[in-house]
Each structure stands twice: as C-alpha cells, then as structure tokens.
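**Student:** As a plain string of letters, each chain reads:
Protein chains: 2
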Amino acid sequence: MEVISALLPKPSRDVLTGIGDDCAVIRPRHGTDLRLLKTDALVEGIHFAPGTLPERVGWKALCRPLSDIAAMGGTPLHAIITVAAPAGWTTATWKGLYRGIGKAARAHGVSVVGGETVRSPGPAFLSVSLTGAVPKNRLKLRSGAKTGDLICVTGRLGGSLRSGRHLRFSPRLEEGQWLGNRKGVTAMMDLSDGLGNDLPKLAEESGCSFRIDPDSLPRHRGCTVTEALADGEDYELLLTVSPKAWPSLMKRWDTRFPRTPLTCIGRMTRRDLPPTPLPSGYDHLRPTKS
Amino acid sequence: MEVISALLPKPSRDVLTGIGDDCAVIRPRHGTDLRLLKTDALVEGIHFAPGTLPERVGWKALCRPLSDIAAMGGTPLHAIITVAAPAGWTTATWKGLYRGIGKAARAHGVSVVGGETVRSPGPAFLSVSLTGAVPKNRLKLRSGAKTGDLICVTGRLGGSLRSGRHLRFSPRLEEGQWLGNRKGVTAMMDLSDGLGNDLPKLAEESGCSFRIDPDSLPRHRGCTVTEALADGEDYELLLTVSPKAWPSLMKRWDTRFPRTPLTCIGRMTRRDLPPTPLPSGYDHLRPTKS
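Here the protein sequences come in this chain order: A and B. This note's numbering puts the first sequence at residues 1 to 290. This note's numbering puts the second sequence at residues 1 to 290.
Treat the hints with care, since some could be wrong.
The list makes no distinction among identical chains, and a pair is therefore deemed to hold if it is satisfied within one copy or across any two copies.
[To be verified] Cross-link-like lysine-lysine pairs, in silico, DSSO-like; alpha carbons within 30 Å at most: (1) K10 with K136; (2) K183 with K244; (3) K146 with K183; (4) K201 with K95; (5) K251 with K146; (6) K103 with K10; (7) K146 with K244.
These are calculated hints, taken from the structure and not from any lab test. Just so you know, these numbers come straight off a predicted model, no measurement behind them.
Generate coordinates for the entire structure from the input sequences, incorporating the hints supplied.
**Tutor:** Structural data, given as structure tokens:
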C-alpha cells in the first residue's frame, strides 16, 4: 500500500530492493554476495484448513518463502520461525509441525536459528523469516524484462489447492539458481497468486505490457486454462528470456532438468499496448479449499 | 523446547548462537561485524488489548525486538513486518499502525524493507523480524557471567502493563552499545518476562547461581518488590559486571546516562548454591492487563 510506504522512513542506501519484489535485497558492507530477506505468514483457515496434518503445515511454512528466495536466484541460509498456537495443540501437534519444518530445512540446507512460540486466542498463525544470499551477477528481479522478451514458466500450473500440492511442493531452488546464472534470463518471480495475478505485477515492475497464449499454458492433468491462470499456489517460476538466448537456454534446460518442462507462453510487449485479459480469481484472503 | 530442537537439522557452522539467547548470532563470510537475527510477535489479546491505539501497537511491535538487539550490544539494520488483520480494520487502523512503526523505525535508524499483510479470521497478529550487526568485541551473550560478578539493571522495574509503559518504552539501544564496549560487562539480556523469570535464564546459560537483595531493586513509583520482580515487560537491560570494573563503569555510566540509574542488585554465585527464591508471576501467555 502506498499509503503505508509514506509513513515509513526512507530505506537506507544499502537497500537495493525493498517492498515490491519477491525478497528485499541488501548490499552488505563487505563481500560480493547480496543478502536476501523474506518473511511469509501462514494463517489457519486461510493458507491451510483446520485439521491439516501438522507436518504438512510445517513443510509449507518453510517452503513458501524458499520459493521467493528461488525466484531471485538465491541460496537460502537462516530461518527464524514464530508460531502462535491455539490452546488445543498437543505435543504431537508441535512435533508434527517441527518434523515438517525440519524436513524442509534439511532438504534445502536451511539453519533454523531461532523463533518464538506464543499462545493464539484464535487460529494458528505461523510466520517464517528467511535470509539468503545471491552473487550480484546471479540476482534476478521482477523489473528486468524488456519489450520483446519471451515469457516462460517452469513446471505445470493449476489445481494446487484441490490436489493438496500446495502442502507438498518443492521450491525451485536449484532451477532458480541455474536460471540466475543465465544472462539471457531478464526477470524472474515465483508464481504464488496465480499467473493471472502475478504476470501483471512483473509487467508493471518492468514497465511493459504482455501477450500470452492461454492455450499454451502447461497445465496439471484435469485443469482448465482458467484454473491454470487463477488457482494460485503453484510455486513455479515465471521468467522472461531474451529471444536470442532462448534456443540455447531451452536445450541446456532440457539436459539439466529433463523432468521439468520450461514452456514459452508469450511475449512482453510495449507498455502502451493492451495486455491479454486474464482471470485473476486468486484471492489471497479467501478461505483455502483443502 | 528440546523436543523441537531434535527435529531440526544441526545449524550450519556460521551460527554462533542459535535458539537460547536474545538474538541469533551469525558469523558472515566477509567483514568483522557479526550479524544478528531476531523475530518477535504481538498477538491481540495477549500482548496488547483490543482497542489499543494502533499507533502504540506499531511502536511496540518494532521496539520489542529492538530491545533484544540492544541486549547484544548491537545496532539494528533492517525490518520485515507481517500483519494479519481482522476484517474490521479500517484505513485509519492501518495508517495508525504504520505511523507507530514508522516513528519507531525513524527513532532507531531501522529500514523497513518488506513484509506481508494477510487477513486474520481471529485476532490481529503482528510479526517483526529484524537484522542487526555487532562488532565481534562488542557482542554480549547471556552465557558470559562468572561467579562473583555483580548483577545490575538499567532503569526501574515494575508496573509496565498497568501504567501503559509497555506501549511506549524506548529500547535501550545506546545504553546496550555503550555497555557492549565495556570489557567489564560479562553478560547481558533484556528484561521482557520480569527479573524473576529472566535472571534464572541468564544464570542457567552462564552455569552459575545468584543471590540478589530484592529490596535493592530500582522500582517504578508505587510498585511493590513483587511487582518489580514479576510484572514483566520492563524492556530494561540486565547485565553482569566483574567487581573490579564496577567502580569505574558506574562513574562513567552516570556521566554518560545521568538520567538513567544503573543499579547493582546482587551477585552471581557458584552453581551448587541455592539461588534467591524469586516470584516468577509473569506468564508470557496470560491475557494482558491493559
């Protein structure tokens, strides 16, 4: 909210990107790696249904901000986790939750270095803050796309809530780092709110418009085009690629990640051209479906 | 909870202090300053009463973790803030909240670099994550106290909830940095849960016991000794000082901070001696009084 930014002090000069990208990016006084900072919250009844296996909740709580680190080309480092728990939580609930967090931390090389547990008089609430690092030349922002760049997505879209995929996805960290190392990749973000919501944000940050072919979207089995555009919680990467770099990048991608499609779905256009109309059905605030 | 630590992967070698001190302490690959990481949550109905001025809530939300940075001798850098808001929040509520956050950020040199707002189906929930830095030789931990060290507190204790002080205190950042630069200061922590709860934690981390004279506690006007020990939310600094360093330290403190008392209240003793019995009435999970 712009109203809010006006109430906050001007960020210090070491802040390269603050509010408005997947992560905040900070230039350290020493060394060449940039620092990444991200926070992400899960609310019971919004991001997971009451009764969801605690282990799944823990996994998702850590993997969501990991997906943002992935979208910058970054490597995750340290996590701090706050849990506000309803009075009814048993030792088994806590253990399940931290088993899921621990699994995700081990899988992705994250050190959990602190946190806090408090009582919630309402639903459960989890907040995860993550630090990460990215070499300067590997950083990808939302703002780097140019008119004419190709628009691509990793994996397949749609049906995440219905299938439960939102509770067991793996953040695209390796893919993000690999793509970060490719000069031809001009912008990147993660798909959490659905392509119909997220692509306009990337275009806005880059000062472009876009045309996509909705029929070309890589969809999960049984998903309609609308679902692929609007369901959200895909946790795939959305990126733009200079057309020159695309043929070689695609070939190398297929060798490196043979089981994950990288699909070209459209092209960035001049700002003054109308974008492809997209359904943006995803509502961050709606009750979750599963 | 030890049960939880066992479920998490072993922290990486750059983690000097993880769960168990005021902040996590991380050794960066480059430079000499250590990095500090802290998260802190406020829950409506626990840490502030429904109906509290949003500006006060915002101030407190940022100042609480700042107090933890102060307790390490650190300098705060960047904050990310998550707010889960009930449906009833108006633009005025949001503005008030961020006005308070902005004031605290300006007063203490913090850059707010990101965050997230989501809907809460229950009470309001705020989570603030802070980074900070501290030169290696200025870092103070809870674990550095030695048998024979004097136990000291800054300011006055007691009555914070009743007087509303918990909503408008200033974290002791300057004092913490100044004390961090004194070699004679052997351990430090902030007083958030009440001396009766916090001193035993410092003693435990240092492998010591303690004797204090409860009547010597610097109290706020109208507070009993029990309130000074057990009310909590003082956000003062608790520190231990080598007896040799005390006379000169006290003199220099009085010159530097003439309006804030630094009071010696007791002494660290051998681990096998019984500690002074203290009331630990503060319950992190109780509903707040004001």
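**Student:** Now look at each hint and say whether the structure bears it out.
**Tutor:** Going down the list of hints, with the structure as the test:
no. : hint           : result
1   : K10 with K136  : both (23 Å within a copy, 28 Å between copies)
2   : K183 with K244 : within (11 Å within a copy, 61 Å between copies)
3   : K146 with K183 : within (13 Å within a copy, 56 Å between copies)
4   : K201 with K95  : between (38 Å within a copy, 24 Å between copies)
5   : K251 with K146 : within (22 Å within a copy, 63 Å between copies)
6   : K103 with K10  : between (38 Å within a copy, 12 Å between copies)
7   : K146 with K244 : within (13 Å within a copy, 66 Å between copies)
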